[in-house]
Amino acid sequence: MIITETSKGDIAILAPDGKLDHDSAPEIRQNRSIIDPDKMVVIDLEKVDFIDDSGLGAIICALRNKRNANGVTVLSGMNHRLRIIFEITNIHKLFNIFDDVAPTIEYLETRQIERT
Amino acid sequence: MTITETSQIGIAILSLNGTLDALSAPDFRNNRSVIDPEKSVVIDMENLDFIDSSGIGAIVGASRQKRQPVGGIILSCMNDRVRKVFEITNAQKLFHIFDDTIAAVDFAATRQSARA
Amino acid sequence: MSSIITLTLPGDILFARLASQTASSIARLLADDQQTETESCVFAHAFELAVTEAFTNSVTHAPENATSAMVTVTFLFEQPHLTVSISDANEPFTIETPAPDIESFPENGFGLLIIRKLMDRVIYRRDGEWNILSMSKSL
Amino acid sequence: MKTILAFREEEYAWVHEAFPCIHPLLLPLCNKPFIEFLIDFAIIADSSSLRLLCDGGFDAVERYCENGSRWGIDLSYGSIHPDDTIHAMLGKNRKFCGEERIMIISGFSFIRYDKRLNYKSLANTMAAGEWATCPGGRITLSGMPGKTPAHWVDAPLSLMPLDGMASYYRASMEALESGADRYVLPGYGDEPGCAFGRNVVISKSVEIRKPVSIGNNVQLLADTVIGPSAIIGSNVIIDRKSSVESSIVFDNTYIGEHLKINGRIASGNRLNDPKSGASIAMEDPHLLSGIKKKGVLRSFPRKFTHAVAALVMIAVLFIPFVILRSLLKLRGQWKSARTDFLSEATGMTMSLGKVELSTASSLTSIAAALSMDRYGWLFRVLTGQLALIGSKPLPAEKNRLEITRSALSYRPGVFSYAEAEEWPSSDGDATGGDAAIVERFHIAHSTPLSDISLIIKAFVNRFQEKSIL
Amino acid sequence: MNKSITITLPGEIKFVRFASQTAASVATLLISENIPESEGTQFVHDFELAICEAFTNSVKHAVKRDTLQMLTITFEFEPRQLTVCLRDTNGPFTIETPTPEITDYPPGGYGLMIIRKVMDGVTCHRDGDSNILRMSKSL
Chain H
1 MIITETSKGD IAILAPDGKL DHDSAPEIRQ NRSIIDPDKM VVIDLEKVDF
51 IDDSGLGAII CALRNKRNAN GVTVLSGMNH RLRIIFEITN IHKLFNIFDD
101 VAPTIEYLET RQIERT
Chain R
1 MTITETSQIG IAILSLNGTL DALSAPDFRN NRSVIDPEKS VVIDMENLDF
51 IDSSGIGAIV GASRQKRQPV GGIILSCMND RVRKVFEITN AQKLFHIFDD
101 TIAAVDFAAT RQSARA
Chain V
1 MSSIITLTLP GDILFARLAS QTASSIARLL ADDQQTETES CVFAHAFELA
51 VTEAFTNSVT HAPENATSAM VTVTFLFEQP HLTVSISDAN EPFTIETPAP
101 DIESFPENGF GLLIIRKLMD RVIYRRDGEW NILSMSKSL
Chain P
1 MKTILAFREE EYAWVHEAFP CIHPLLLPLC NKPFIEFLID FAIIADSSSL
51 RLLCDGGFDA VERYCENGSR WGIDLSYGSI HPDDTIHAML GKNRKFCGEE
101 RIMIISGFSF IRYDKRLNYK SLANTMAAGE WATCPGGRIT LSGMPGKTPA
151 HWVDAPLSLM PLDGMASYYR ASMEALESGA DRYVLPGYGD EPGCAFGRNV
201 VISKSVEIRK PVSIGNNVQL LADTVIGPSA IIGSNVIIDR KSSVESSIVF
251 DNTYIGEHLK INGRIASGNR LNDPKSGASI AMEDPHLLSG IKKKGVLRSF
301 PRKFTHAVAA LVMIAVLFIP FVILRSLLKL RGQWKSARTD FLSEATGMTM
351 SLGKVELSTA SSLTSIAAAL SMDRYGWLFR VLTGQLALIG SKPLPAEKNR
401 LEITRSALSY RPGVFSYAEA EEWPSSDGDA TGGDAAIVER FHIAHSTPLS
451 DISLIIKAFV NRFQEKSIL
Chain C
1 MNKSITITLP GEIKFVRFAS QTAASVATLL ISENIPESEG TQFVHDFELA
51 ICEAFTNSVK HAVKRDTLQM LTITFEFEPR QLTVCLRDTN GPFTIETPTP
101 EITDYPPGGY GLMIIRKVMD GVTCHRDGDS NILRMSKSL
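Chains as they are written, first to last, in our numbering: chain H, 1 to 116; chain R, 1 to 116; chain V, 1 to 139; chain P, 1 to 469; chain C, 1 to 139.
Hints in this document: simulated from the structure, not taken from any laboratory.
Fair warning: this is a prediction, and the values are worked out from it, not measured in the lab.
The beta carbon of each residue, even a glycine, is placed where N, CA and C say it ideally should be.
Take these hints with a grain of salt, some might be off.
[Unchecked claim] With a cut-off of at most 27 Å between alpha-carbon atoms, the simulated BS3-like pairs for lysine-lysine come out as follows:
hint: 1; chain 1: H; residue 1: Lys8; chain 2: V; residue 2: Lys117
hint: 2; chain 1: H; residue 1: Lys47; chain 2: H; residue 2: Lys8
hint: 3; chain 1: P; residue 1: Lys95; chain 2: R; residue 2: Lys93
hint: 4; chain 1: V; residue 1: Lys117; chain 2: H; residue 2: Lys93
hint: 5; chain 1: H; residue 1: Lys39; chain 2: H; residue 2: Lys8
hint: 6; chain 1: C; residue 1: Lys3; chain 2: P; residue 2: Lys354
hint: 7; chain 1: P; residue 1: Lys241; chain 2: P; residue 2: Lys210
hint: 8; chain 1: P; residue 1: Lys466; chain 2: C; residue 2: Lys117
hint: 9; chain 1: P; residue 1: Lys241; chain 2: P; residue 2: Lys260
hint: 10; chain 1: P; residue 1: Lys204; chain 2: P; residue 2: Lys241
hint: 11; chain 1: C; residue 1: Lys117; chain 2: R; residue 2: Lys93
hint: 12; chain 1: P; residue 1: Lys115; chain 2: P; residue 2: Lys32
hint: 13; chain 1: P; residue 1: Lys275; chain 2: P; residue 2: Lys241
hint: 14; chain 1: V; residue 1: Lys117; chain 2: H; residue 2: Lys47
hint: 15; chain 1: P; residue 1: Lys115; chain 2: P; residue 2: Lys260
hint: 16; chain 1: C; residue 1: Lys3; chain 2: H; residue 2: Lys19
hint: 17; chain 1: H; residue 1: Lys8; chain 2: H; residue 2: Lys19
hint: 18; chain 1: P; residue 1: Lys329; chain 2: C; residue 2: Lys3
hint: 19; chain 1: P; residue 1: Lys335; chain 2: C; residue 2: Lys3
hint: 20; chain 1: P; residue 1: Lys204; chain 2: P; residue 2: Lys260
hint: 21; chain 1: P; residue 1: Lys95; chain 2: R; residue 2: Lys39
[To be verified] Here are some, though not all, of the chain V residues that point toward chain C, as calculated from beta-carbon distances under 7 Å:
hint: 22; residue: Ile13
hint: 23; residue: Leu18
hint: 24; residue: Thr22
hint: 25; residue: Ser25
hint: 26; residue: Leu29
hint: 27; residue: Thr94
hint: 28; residue: Pro98
[Claimed, not checked] One side only, chain P facing chain R, incomplete, derived with CB under 10 Å:
hint: 29; residue: Ser48
hint: 30; residue: Arg51
hint: 31; residue: Phe58
hint: 32; residue: Asp74
hint: 33; residue: Ile80
hint: 34; residue: His81
hint: 35; residue: Asp84
hint: 36; residue: Lys95
hint: 37; residue: Ser446
hint: 38; residue: Thr447
All chains, full assembly: derive it from the sequences and hints.
Right under this line is the structure:
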């Protein structure tokens, strides 16, 4: 699995491509922007075609690393398959989920202005 | 495996897509143009990514039913992987092999008119 | 017409992908003719994920020095049900574990929850010193 | 511009009898496979993509050339019929040719070119048609020529057919004598006319007379005379007082003592006379020499010294063996399986405990460094089934049984001469591979005393090699 | 790590693709980074082709019986070598079949020739009433 990382302002956008399972989960957990408690992160799941228990764990650990709720990790571009898994496990309640990266960035930018 | 059939200047062109093995060989053998001993057929193998001895057997068997054995079946756009299996079995000696389907059709047409 | 396919693998996470790929291709192969493309995709994905979770659980819960412990994955197809059972020699376990409480940001434990939701029937039984987790779904 | 290289199997059928285990297109000319000369010429004549056409299979050629990335060109393969005309070939490769000018080199022949001359402008501007021909070979240009250059520069070009041993010999000598200034030849040499490969060991009192080309892993022993006009392949040993002059020695060949090779082609165990085409096969598949009869291997003094040395090793290594073995057994890292090996008596096998030290850990590397995995075999030296140092024991497989019948000097040992020599250990078995050459040489030459020093060297080499793990 | 994987499946031509693809994904497990890419893909392609031929032969030569024949494929891992064995319950056969002349192209004759070409070592022996075809290749 390859993660392409871009950034917009100081918001980091991670786009994993492939399967997010036991082998690839560590790549998410050890990613700098995921570990940094103050970094605003968007995880674009558009190109993820498979996620399992350890993949979900890696994403939740991203949220756990953030100092407080507004170090928000936001998910976008989820395909139908992933959406079912998130709903089954109720994880969708923890995240702001958008269907595309652009609206996610706008949402974060508005949050940033509020916070400062 | 899926077979899409087109025809140009009276020559049938079968494009094979997928794998040609013992499982998919019957679809090829029962194709109308393959069975018709008068019909010259060009087999476009550009999208054929796997062949085994049953696949080669099917093509060789088909060419043997043609009235004009060597010219009856002409092969085009063979990739390296398929070519190697032909070479292992020496079956490439039985066919005219082109790297361009149009060239193969032109060759078949000239052979056909020469014979008619 | 019923067919049985068994796959015996070393209990090593390296083979998780192989187990789940096998499950997905068997599901797609057996279901092929009776379903539309999307239905057979969903059917195959359900088995791919269920087997990944079950296999990963077997591996992670294996005792430390059991380097050569094997895990067996058996597929039984009796029209229209496909049943996959994973058996390993670990300690007994139960599948009635409560769904992880989401507020505590759990980082694992979703496996059995996902299996129970994706599969129509999930049965756990103990046979001698073997755990057998059978999961089935119909077309 | 693009190039097509077209061959027909019957053009090089003679190579199969003369040099059985080499693909004709990979026949070494001087110190390079034949096909590379054609590829070099195509590149010099400004081609960046090449297509190889043949009516037979490519397998070994394709494994060697792959996609041409080694020469920075794009190389592809195709098949033709023996009776295809140039026009038919172009038709079958229309996608490859496109609208470009195409140079077609057909036939199994040697191209005489000079890399310093400008074939590029000539190739692009000459009118379509034949550029050079010889019986059985042709270079043709097709497609529209480019604009003619201001001044016309001529670059002589000719073809020589390779239709038998004699023409092959002449072509190789021509490539050697004109050397690196005309052709693109590998190997480095301090002076023109001398090309050496890697790991070439030249003993004192060896005389080298230019022009000479020597491959990799070659040993020239005392008082040998090499050249003039000598082409030596790789993995070759030329034994004492032998001379090789205007001759070609193929890879994996061992030239024995006191042999005069003049105007010959030596490969494996065959000595060919290119002029008359006669060929003599030596008795042992690898030896071009009069090897002493096998009796010497079993002579009492040799067996006695080996037994004594084995006893010493058993005593010295006993304590570490007992400790290490029990420790490793506890941790499941000491697995011993009875495996059948070829015994010295031809066609017979013996079963030895082959020890596998599985996972790499500090303990297993110490055990391997002290050759603990071969401790059990030391007792077989006492019973005479194994030598303390000899050939690497060969696992017994069906096709291996004939080998021992033909190879006179297979003497399985706890350590192998190749390990003593630190020879690159390709796990080649007794028939091929360079380790076999070293084993043959030492079995032919070593005395009981030299065996002792080689045993120590083998043990030390294994110690260094394993302990850095 | 010498480990092994076993698959038992019905000897039906319907499973030939599944068997070949499983062989390919098992072979891929051996490809580590330090193996050149072209050699790696060739290694995987060779196993896919070898198992496809072996499986097809076993199905084709099956004695027409009412009960379906079960085939067992076992993969044995060594650091740089993979060995695959196919066990079937057909009549005995030898792998030394003469290479058929291309002109009289018999349908089955080429399978073993291809296997011998793409694999390093091929042996076949009888074990009770079944054949074990053993093919291995190293990297």
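Each hint, compared with the structure:
no.: 1; hint: H:Lys8 - V:Lys117; verdict: 38 Å, violated
no.: 2; hint: H:Lys47 - H:Lys8; verdict: 19 Å, holds
no.: 3; hint: P:Lys95 - R:Lys93; verdict: 21 Å, holds
no.: 4; hint: V:Lys117 - H:Lys93; verdict: 18 Å, holds
no.: 5; hint: H:Lys39 - H:Lys8; verdict: 12 Å, holds
no.: 6; hint: C:Lys3 - P:Lys354; verdict: 18 Å, holds
no.: 7; hint: P:Lys241 - P:Lys210; verdict: 18 Å, holds
no.: 8; hint: P:Lys466 - C:Lys117; verdict: 35 Å, violated
no.: 9; hint: P:Lys241 - P:Lys260; verdict: 9 Å, holds
no.: 10; hint: P:Lys204 - P:Lys241; verdict: 12 Å, holds
no.: 11; hint: C:Lys117 - R:Lys93; verdict: 18 Å, holds
no.: 12; hint: P:Lys115 - P:Lys32; verdict: 16 Å, holds
no.: 13; hint: P:Lys275 - P:Lys241; verdict: 25 Å, holds
no.: 14; hint: V:Lys117 - H:Lys47; verdict: 24 Å, holds
no.: 15; hint: P:Lys115 - P:Lys260; verdict: 35 Å, violated
no.: 16; hint: C:Lys3 - H:Lys19; verdict: 25 Å, holds
no.: 17; hint: H:Lys8 - H:Lys19; verdict: 25 Å, holds
no.: 18; hint: P:Lys329 - C:Lys3; verdict: 19 Å, holds
no.: 19; hint: P:Lys335 - C:Lys3; verdict: 14 Å, holds
no.: 20; hint: P:Lys204 - P:Lys260; verdict: 19 Å, holds
no.: 21; hint: P:Lys95 - R:Lys39; verdict: 25 Å, holds
no.: 22; hint: Ile13; verdict: 12 Å, violated
no.: 23; hint: Leu18; verdict: 6 Å, holds
no.: 24; hint: Thr22; verdict: 6 Å, holds
no.: 25; hint: Ser25; verdict: 6 Å, holds
no.: 26; hint: Leu29; verdict: 6 Å, holds
no.: 27; hint: Thr94; verdict: 29 Å, violated
no.: 28; hint: Pro98; verdict: 35 Å, violated
no.: 29; hint: Ser48; verdict: 18 Å, violated
no.: 30; hint: Arg51; verdict: 8 Å, holds
no.: 31; hint: Phe58; verdict: 7 Å, holds
no.: 32; hint: Asp74; verdict: 13 Å, violated
no.: 33; hint: Ile80; verdict: 8 Å, holds
no.: 34; hint: His81; verdict: 7 Å, holds
no.: 35; hint: Asp84; verdict: 8 Å, holds
no.: 36; hint: Lys95; verdict: 4 Å, holds
no.: 37; hint: Ser446; verdict: 44 Å, violated
no.: 38; hint: Thr447; verdict: 50 Å, violated
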